[in-house]
Amino acid sequence: MDQTSGTAHDNRSDLHDGDQATQLSMKSLRDKDVLFALCLIVGSASTLVYALHISFEAMKAVNAEFYTAPGFFVLIIAAALLILGSSLLRTALRQGGSLGWLLPRRLVASARTQAFRQTFTAFAYLFLYMVLFWQPVPGWGAPMPFWLNTVLFLGLMMITFARIKPGYIVVISVLTTLAVDGSFRWLLHVPLP
Amino acid sequence: MVRFLRIVYAAVAVLAIAACGSSPQTARPYPVRNINVTVFSSQGGGSDRWARHLALLMEKDLGVHIICSNLPGANGGSGAMKVWSARHDGYSVLGASETAMFFGVNAVAPTADQWEFFIAGGSPGVLAVHHSAPYSTIQDFVGAARNQARKIKIGNSGQGKLWNIKAVQFERAAGVEFQHVPYNGSGPAITALLGREVDAVSCSAGEVVEYVRGGLVRPLIITETYSMEMEPCGTIPSAAELYPERAKDFRDLFQWLGFMMPADVPSEVLETFGRAFDQAVRHPKTEELARAEKVRLLALRGKEAKDMALRMQSVASWFSKELGLARKDPAELGIPKPE
Amino acid sequence: MDFLQTFGATIADFSRHSIAFVSLENLALMLGAVVVGIVFGVLPGLSATIGIALFTGVTYGMALDKALVVLLGVYIGAIYGGSISAILINIPGTGSAAATCLDGHALALKGEAGTANTLARIASALGTLFGMVLFLFFTPLITRIAIQFTSPEFFWLAIFGILICGSMASPDLPIKGWIAGLLGILMALVGQEDIHGWERFTFGNPNLINGIPFVPMTIAFFGIPEIVKAMKGRGLSVASSVGVRRTPIAPVIRRNLLGILRWGSIGVGIGAVPGVGENIAAWVAYGDARKRHPRGREFGTGVYEGVMAPETANNAAIGGSIIPLVSLGIPGSPPAAMLLAALMIHGIRPGPLLSMENPGIIPQIGALILWGSIFMLVCGLVLTRAMEALLRIPQTILMPIIGVLCVVGVFAYENNPFHLVLVFGFGVFGYFLDRMGYPAAPLILGLILGNMADAFLRRALLLSHGNILGLINRPISFLFFLACALTIANQLGLVQRIKAILTQSRGARDSLNR
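Chains as they are written, first to last, in our numbering: chain R, 1 to 193; chain D, 194 to 532; chain V, 533 to 1046.
It is worth saying that the hints were derived from the structure and are not from the lab. Misleading hints may appear alongside valid ones.
Okay, derived cross-link-like pairs now, DSS-like style, lysine-lysine, Cα gap no bigger than 27 Å in a straight line [stated by the list, open to error]:
(1) Lys499(D) <-> Lys514(D)
(2) Lys27(R) <-> Lys764(V)
(3) Lys60(R) <-> Lys514(D)
(4) Lys60(R) <-> Lys530(D)
(5) Lys764(V) <-> Lys165(R)
(6) Lys32(R) <-> Lys764(V)
(7) Lys764(V) <-> Lys642(V)
(8) Lys478(D) <-> Lys598(V)
(9) Lys823(V) <-> Lys1031(V)
(10) Lys478(D) <-> Lys60(R)
(11) Lys499(D) <-> Lys60(R)
(12) Lys441(D) <-> Lys530(D)
(13) Lys60(R) <-> Lys346(D)
These numbers come from a predicted model, not from an experiment.
Pulled out of the complex, with its shape left as it was, chain R reads as follows:
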């Protein structure tokens, strides 16, 4: 990271998380690497088993050779991922990564930060928007109309995150909805709910 400081990366990624010292964020990266590397190792090992399983099943059921069996390429990729995962684990541990942050006490503490709350809320709104996009509303039997859903989503997002006057929020969300709905429905003939 050091050689790229002063370039785009520290603007773009939130790896540094604003004012926190680089040292700290490096440590937290490596901490997460340890967990992810363990996941990778477990995942790729089970993929290896799965690949062998489907390969032998296919060889039994139809006349497949090992080199044409469905698991052949999966096997190669899973093996490569296993090697890379182990290598990542080694690097992360060497650079001071640990799993201490997974202690319940510390997890709760990190869930109390504002950043976590904001991320969670943004995902929740997105999830809600996507679900309402096609799921029939209970007790009504049809999905919510696209325009209503969109106005709600935009409004919620901006009420929560943007610092502008409520009047603008209404204007922006209604205008956007009209533009998107109109152009997709009438110009492009894409059926929206």
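Got chain R; can you put chains D and V on it based on the hints?
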């Protein structure tokens, strides 16, 4: 202020739901509004082109718009389930092809007995070789295959798909063994033939007709019960003439393009739609399209189409099982074994 | 002499068609088509393929030559338009612009969005024109080479792409680029495989039979993380200093003329290979630019060539992908496949006889491409100026709107609600990957190439009955194999080591001689 806005939003939501929930239904003869055709494969394919072509002709007859959209996925199951889960009132129609015969064994949608079929026609299967190949007749080809088992490579559009099954049927009738090489669609398989990666390809006549005309590809046999003219190679014999004792195999499975609707759609709706369908298939424009794409028009619907579909489903399903591809056993689904 | 004669005749035909094009109706149609194409390109989820598909329906009733104007205009506009959103909001509007994100957005953050947009526009136009020239004069030759691509060649091409993705700039440890690429390949392997029709990783879900689609995934891995990250900002705009630094463009272009020829050739070549398309062309060109650039290590931090290379190549691939379409009826890329379908609807059946029966079609399409790229230059200038203002809008207002467009784009892709489920799930995954320093780009490239590498490897082995030599015993496959081997050797530092050993031994010999 923010709290006020939230209340406004909630009020708008409730009002909108109330307004949309109470649209009255009047009983006028079908069709009173636009019909939606969901094509179960992606844009530009055979089923898509034909569904759109027929829909355009039927619009005039039915007096409403027919809007075609595509919903590929799950080997056609995504589109089929969209139509199936809509009201069975004739306003949701599936644009389909013979792939629908695999719905049951693929466990993606209801089996053929629960659908009603409108079959426009289909392009016959063909075995074709590269123009520089040393075989000028099907006899040469079979002779070469007999001498060297599993050495002659036949490309197809995918394992367990129609053209793969046609090639397997042919090799069984001829008593030889090919090396079957599956590709991701007929296009790549024909490309492989032009690059001489495979010795022959099994696909529809419509898909190779331009290469035949251009002299790059030579058709050897039509894998159907009828022969077909393909310029400049003259009449191409049919597999059924060559192996009359296996004619039934070639009869029961073939490509078709058309529409499907759930079988419990009111019968007068099926009749109205079907009459418009018949007219569209017999339209001169359709005949022109059929000539260009080497399609044999059938215009089947009602009991005739259903019987044919059931026969085809039984052949397709048991083949699927034999190739180890059936996600659901056809016996469990109550699909009889082909006689 | 014969060659010169056809050459002259082609030029004459081409100029005739270019001039005959000028009519009010044609110009208006082309203008509208290019603008719509650019908008399709800009909007995430709407790609060139979908644009052509939608307009196939719209042009159903038009005469063929007018329909061609619209369809080619949309094609050219859409492939270019993807770069605008890649540069401005770091979300590739089309898959082919994914490579442009890396350096394009980095430039925007440095306050050089204007420069990046101009470079992308000029590179796209030059690429399109280069593709047009090769299309006009070398269609028979390129077709003959493209048709030589059989399974081993496709396999090595995919491996080559994967190797490039492995060396892609990663913001943290270099190994993370490789891991992301491999994860992408694994995702590509979900669904029914091509050789035995066997299902992999579907766990009985019929929605997964046909695999994980790539267009929604670009939104999941580029779009969702950007949107969620923006909500944590303090309501700032992306760059408060849009276009403050305006670097003169001409010297940058002049410096890279040779590069443009090279990237254009990559684009045409890969575009002409049946079914591969502009996505891979952009990455291969990006990799090439990075390898040859004196400051190659700085790629990903805002290097001009990192914008120009992929944009030249993906637009050159338009001409490339039309080459086998016109000469053989085989589409070179997914949008070209859509174009093929549109031609068939208009009663033209492309095949080996097409250019013989309609001798005017090659110069006619060439003229349309020429006009399309001229319109693209002009419309692009106007539209990007307007869109650069987006960067000044606070992200907390802009990004929710982008979010709506992303979700609608996913839905419009195939009208499949299941894709929304996929996008949300992988969006969360993509967000965490991003936070942990994994680049999204190799993952997407892996997703594009994974299935191709798998199916063609096993098909090649099936055809050679398991003989590994069958993978390298043809001239093109052997060349590709060599290129892959050299790339790996270079990556592992073997080349430098061998060089060092050679110089050492020479030094030793010299000292002995002395």
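For each hint, the structure was consulted:
1. Lys499(D) <-> Lys514(D): 22 Å, holds
2. Lys27(R) <-> Lys764(V): 21 Å, holds
3. Lys60(R) <-> Lys514(D): 14 Å, holds
4. Lys60(R) <-> Lys530(D): Between Lys60(R) and Lys530(D) the Cα gap is close to 23 Å, so the pair holds against 27 Å.
5. Lys764(V) <-> Lys165(R): Satisfied, since the Cα-Cα distance of roughly 19 Å is no more than 27 Å.
6. Lys32(R) <-> Lys764(V): Since the Cα atoms of Lys32(R) and Lys764(V) sit roughly 20 Å apart, the hinted pair holds (cutoff 27 Å).
7. Lys764(V) <-> Lys642(V): 21 Å, holds
8. Lys478(D) <-> Lys598(V): OK: Lys478(D) and Lys598(V) at ~21 Å, within 27 Å.
9. Lys823(V) <-> Lys1031(V): At roughly 18 Å apart (the allowed maximum being 27 Å), Lys1031(V) and Lys823(V) satisfy the hint.
10. Lys478(D) <-> Lys60(R): Between Lys478(D) and Lys60(R) the Cα gap is close to 51 Å, so the pair fails against 27 Å, i.e. violated.
11. Lys499(D) <-> Lys60(R): Measuring from Cα to Cα gives roughly 36 Å; hence the hint is violated.
12. Lys441(D) <-> Lys530(D): 14 Å, holds
13. Lys60(R) <-> Lys346(D): Cα-Cα ~23 Å, so holds.
Going through the hint list in order, the structure does not satisfy hints 10, 11.
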